[in-house]
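Given the structure of chain S, go ahead and fit chain W onto it with the hints provided.
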Amino acid sequence: MRSRTVRSAIATSAAALAVFGVAGCSKQSTSTDTASSATSTAQVAETNLKIVPQMPVDQNGAEIKLATDAAPPANPAGNGTATCAPVAIAMAGPLTGADAPFGTNVKDGAQLAIDQHNAANPGCQVELKAFDTEGDPQKATAIAPQIVGDASIVGLVGPTWSGETKATGAVFDQAGLAALTPSATNVALADQGWKTFFRGLSNDGVQGPSLANYLKNVVGVKKACVVDDSTDAGLGQANAVRDTLGPIADSACNISVKKGDKDFSAAVTQINGQSPDLVVYASYYTEAALLLQQLRDSGYTGTFSGPDGLNDPQFVKSAGQAADGAILSCPCGPATGAFADEYTKKFGQAPGTYSLEAYDLATILLKGIDSGAVTREALLNYVRNYSGQGVARMYQWTPNGELTSNMIWIYKVQ
Amino acid sequence: MIHECLGDYACLAGNIGFNIENLRNGFWQLTVDGLAWGSIYALVAVGYTLVFGVLRLINFAHSEIFMLGMFGAYFCLDKILGFTPSGNAYNKGVGLTVLYLGIAMLFAMLVSGTAALGLEAIAYRPLRRRNARPLTFLITAIGMSFVLQEFVHFILPQLITGYGGSNAQQPIILVRPRTQFHIFGADVSNVTLVVIVAALTLALLADITINRTKLGRGIRAVAQDPTTATLMGVSRERTIITTFLIGGVLAGAAALLFILKVPQGIIYSGGFLLGIKAFSAAVLGGIGNLRGALLGGLLLGIMENYGQALFGTQWRDVVAFVLLVLVLLIRPTGILGESLGKARA
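Residue numbers (my numbering), protein chains in the order written: chain S, 1 to 414; chain W, 415 to 759.
Among these hints, one or two may not hold up.
[As the list claims (entries may be wrong)] In silico lysine to aspartate or glutamate, DMTMM-like type, Cα no more than 20 Å apart, as pairs: (1) 258(S) with 492(W); (2) 317(S) with 731(W); (3) 222(S) with 243(S); (4) 628(W) with 639(W); (5) 259(S) with 731(W).
No lab work stands behind these hints, which were simulated from the structure alone.
Bound-form chain S, shown alone:
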């Protein structure tokens, strides 16, 4: 009946299995190759890699010696005697989606400051209102009117990403709502003429050259491929690095990928074709981890580096062993000491990137509220004239919202 087809089907399957077996056998011959894989004898694949702060550097990549006699950082609890009508501080950032860890870090940092303040000042209770932008500038444009439309909100910690900030800055400027971003690092944001824009950390114009100079002068790389992800933040950072590296950044492997890509085989082929000793990726860690793994799998042995978007434990977790030795930069400071302990106690995990900046910026807003600035205009004025020490750094702003003093931290995965 169907014997002929059945026989040919069996024959084909047998042939396929044979080929499978051959493929398998050649896998066998290389699985004993222990040269490149530390996990080849491990049963369960786990890494103990962590992101370890190295040092703060200036724009030439040279180390900044930290002053040991700085003033004590501002405490959100204040002196415990503040009284005010109930007001709210808003927070805007990605609370869901691929970038959720960053937004959650910002929210938690602000929440810690607010809870410390509320606990110490029963007469002045401030609420934190969190708005989820999903990291998407389109979504943020819809969220911004909600924030300014809520009369109880007198200040904003956020938005978190550069793209979101660019899309919504004009809205906050028109409403006169002070928007202190703990993490948006795109340079152009400060040049938009927004009176309400305040950046709580150094921008990519500082970060890019600092990282590039560190890699050029201190690490001493000779040939680099710089990859960006076509987003506002990524392009800005990548271009700053390309410009500073100059001839070291090989233009033949100047690659743009798309955020959300999962397969980078063409980019990997192009990079390997140039045999660089450094690959820089800007700027989010999901794609960076994938690219790094695919690079390592293809035999790349050079250094991998990236700016603050990669500075998250999730990067190390996703990339696994491939992340060993990666050099990361961040305008954000390492969260240690009393702040880290309180944060861990409250949220059950170590503070993440920008938690510290969010904490400091929320503290500044709270201090303003405590001092009697409970309207948007008054708080805006307060922030504009503020000068004080935070946990991470000294805060004082130029008229267009940049910090008056700059510092970039270098981290290493080890």
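For chain W alone, kept in the frame of chain S given last:
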């Protein structure tokens, strides 16, 4: 150059490179990688083409059948076989790895096949009973695609903790890609080899089923003329169910191969873009034509890679769709043209 284009997409569009040097250097590597991707597209494209041939319906929910297959394979690896998600690759030795992958593939095929059958029973059969217009089928297909996506997005996390939701699953990497040999200077890794061989085997089996078995003859008969086929003793309902089953099973296999290549790609929206590309591949090769779907898939995979190298990696998806438009302009029925119903007996 790109500096001035910050946030201005029209300006970015002016930055299409034309990098022949790049294409020439990486040609064979790009071809090999493209074949691997093309094999995955081909397997998914078969689902689209079979259902179109038999029902004249573009099953837009097929991409979600694929996505469910991914989650099925992940579930098998995670809960049934007991691997812990991690960024590092496991190395269990060849025999065991092949066995585990085989089990995961079978489980993925099971999940996808069941999902396809369920989809047919819930969404399409009631419409067929009522003799609905083709447009209604189309809208239902798109609607089901969204329903399944959002099911995994929002409801699955409530059913199984840690599954679904907005973020991709933590990867379970069973095979560490390692170069096996070189062809014309291109590295062929074990993953590429497994993907191509497995996909080709399954494609071959599908082709044999459609063209040389009684079952396949039934499918082709219903595709050609459902009424006469019924007169010849072919049950239309049973044939339709079988068609969906075959498509689903192949999508499940493709899902396992996909997560072998991209372990971090298991997310509710992971099927969408791939589904569109597979559908384009099916149309490229000739919708309704099984061999066309296979050819279209392989061709699309390779051309995408060449396009990436030539124009820039950010233009990958654009190349895929522009290619489709160009082929349709020149040859509207697709490359291999003939439909399922007119295939040789």
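Subject >> Broken hints, by number >> reply: 1, 2
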